[in-house]
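Novice: Okay, here's what each chain looks like letter by letter:
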Amino acid sequence: MTTSLTLENPVFREFIGYATILILKTLFLGLLTSFYRVTKKIFATEEDVSYFQVKKKGIVLDDPDVERVRRAHQNDLENIPLFVLLGIIYCTTSPALSVALLHFRIFTVARLAHTVVYLFKVPQPARAGAFFTGMCINLSLVFQILFKIAF
Amino acid sequence: MTTSLTLENPVFREFIGYATILILKTLFLGLLTSFYRVTKKIFATEEDVSYFQVKKKGIVLDDPDVERVRRAHQNDLENIPLFVLLGIIYCTTSPALSVALLHFRIFTVARLAHTVVYLFKVPQPARAGAFFTGMCINLSLVFQILFKIAF
Amino acid sequence: MTTSLTLENPVFREFIGYATILILKTLFLGLLTSFYRVTKKIFATEEDVSYFQVKKKGIVLDDPDVERVRRAHQNDLENIPLFVLLGIIYCTTSPALSVALLHFRIFTVARLAHTVVYLFKVPQPARAGAFFTGMCINLSLVFQILFKIAF
Numbered sequence: 001m002t003t004s005l006t007l008e009n010p011v012f013r014e015f016i017g018y019a020t021i022l023i024l025k026t027l028f029l030g031l032l033t034s035f036y037r038v039t040k041k042i043f044a045t046e047e048d049v050s051y052f053q054v055k056k057k058g059i060v061l062d063d064p065d066v067e068r069v070r071r072a073h074q075n076d077l078e079n080i081p082l083f084v085l086l087g088i089i090y091c092t093t094s095p096a097l098s099v100a101l102l103h104f105r106i107f108t109v110a111r112l113a114h115t116v117v118y119l120f121k122v123p124q125p126a127r128a129g130a131f132f133t134g135m136c137i138n139l140s141l142v143f144q145i146l147f148k149i150a151f
Numbered sequence: 001m002t003t004s005l006t007l008e009n010p011v012f013r014e015f016i017g018y019a020t021i022l023i024l025k026t027l028f029l030g031l032l033t034s035f036y037r038v039t040k041k042i043f044a045t046e047e048d049v050s051y052f053q054v055k056k057k058g059i060v061l062d063d064p065d066v067e068r069v070r071r072a073h074q075n076d077l078e079n080i081p082l083f084v085l086l087g088i089i090y091c092t093t094s095p096a097l098s099v100a101l102l103h104f105r106i107f108t109v110a111r112l113a114h115t116v117v118y119l120f121k122v123p124q125p126a127r128a129g130a131f132f133t134g135m136c137i138n139l140s141l142v143f144q145i146l147f148k149i150a151f
Numbered sequence: 001m002t003t004s005l006t007l008e009n010p011v012f013r014e015f016i017g018y019a020t021i022l023i024l025k026t027l028f029l030g031l032l033t034s035f036y037r038v039t040k041k042i043f044a045t046e047e048d049v050s051y052f053q054v055k056k057k058g059i060v061l062d063d064p065d066v067e068r069v070r071r072a073h074q075n076d077l078e079n080i081p082l083f084v085l086l087g088i089i090y091c092t093t094s095p096a097l098s099v100a101l102l103h104f105r106i107f108t109v110a111r112l113a114h115t116v117v118y119l120f121k122v123p124q125p126a127r128a129g130a131f132f133t134g135m136c137i138n139l140s141l142v143f144q145i146l147f148k149i150a151f
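Chains as they are written, first to last, in the numbering used here: chain A, 1 to 151; chain B, 1 to 151; chain C, 1 to 151.
If you are wondering where the hints come from, they were derived from the structure by calculation, not from laboratory data. Ideal Cβ placement from N, Cα and C applies to all residues, glycine included. Please note: incorrect hints may appear among the correct ones.
Stated by the list, open to error - Derived list of chain C stretches under chain A, where covered just means 3 residues or more per stretch with a C-beta under 8 Å from a C-beta of chain A:
{"hint": "1", "region": "36 to 45"}
{"hint": "2", "region": "66 to 79"}
{"hint": "3", "region": "82 to 89"}
{"hint": "4", "region": "129 to 139"}
Generate the whole structure from the sequences, applying the supplied hints.
Specialist: In structure tokens form, the structure reads like this:
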């Protein structure tokens, strides 16, 4: 049964590689936020202020570097889990492998580009391009799934 | 095998329609945030301020319209992905189709209502009603799953 | 077929128990935020300010108790859905049950500890310990999945 969510389904087998890499990238941005907080001593919580003995500085919520990583991370959280959920559903609708691969690859490249562009402050419209490319792939998955179950 | 995550499982087949529509709605709120930012020229990032040449205005983090869409979007992100994850798990526990459909439909209507109520500023307790209805469905799925695997 | 996402797969059967408990905990933090907002009358939205007749106080975005629950909730949203997605994928790669259980249990305990530590203001490095333990489990799942499909 090639529409099942098993490694025997070639679409699913390809999918989980891309999905896992995207999740890894999202986790990395969470770690990077922690790294910036500790190295720059920018904390949002009392216990951290006490532990790192930066009482004078206190809680800081508007450091531009920390906020930039947080926004990049947040944008991933708004897009990547939804892609993975749509992808799992999509794998059960027996799409053509070539079409599926095209979607998975474009989304993965777009979101990796989004992070690079965000962190290295590449001028617009680079970030908008990466964001909308990922969004279009998600919307394409939505419409393919809805079309499949409607007919 | 009607408990597998395939289109042959009628519960799963119904589920993916509702799940995909809810994901589409969440993606739409992400797009709406971008739309408001660009049309109202309210940006959270330096590159956007430069690109749209609104240096005088600079970074704005408290525009009420943008913040309203962002809060509606955030509330979706706190509830809809968890519903989809619970729903996928729930579909493997062979629930009665009628019970499953009732859950999927109430959740979908409640979350669509939540967005409409939020964006059109319908007075409370409309939003609280929509939020708690969705929450109850998620909790009901949680307890049905736990009951199923415990016995 | 023990690699399918069905209750016949013992790894998946164990997984959904832990996943559901973690999702329940995340939902609980959403409810706790609402509870604090209503009992302390701390609102982020105009309609709530009107409904609870706290016009003088108005919108409050920096109450320390509400912000603490919100940050704990946000940290769950950054980690738990990704764990559940990785876990679903992981269950299709036929891991040893003992290895899988070790991952599921450590992650669940770490995230429950994270919430307790955050809400009860336990001094650092308790929260950092809980966070990094959960992160390590997620990274371990990532690398096991990638290793499995690569070879």
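Novice: Now tell me, hint by hint, if it's right for this structure.
Specialist: Here is what the structure says about each hint:
1. 36 to 45: violated (count 0)
2. 66 to 79: holds (count 5)
3. 82 to 89: This one holds; 5 residues, not fewer than the three required, reach chain A with a Cβ under 8 Å.
4. 129 to 139: holds (count 4)
In this structure, only the earlier hint numbered 1 is contradicted, and the remaining ones agree with it.
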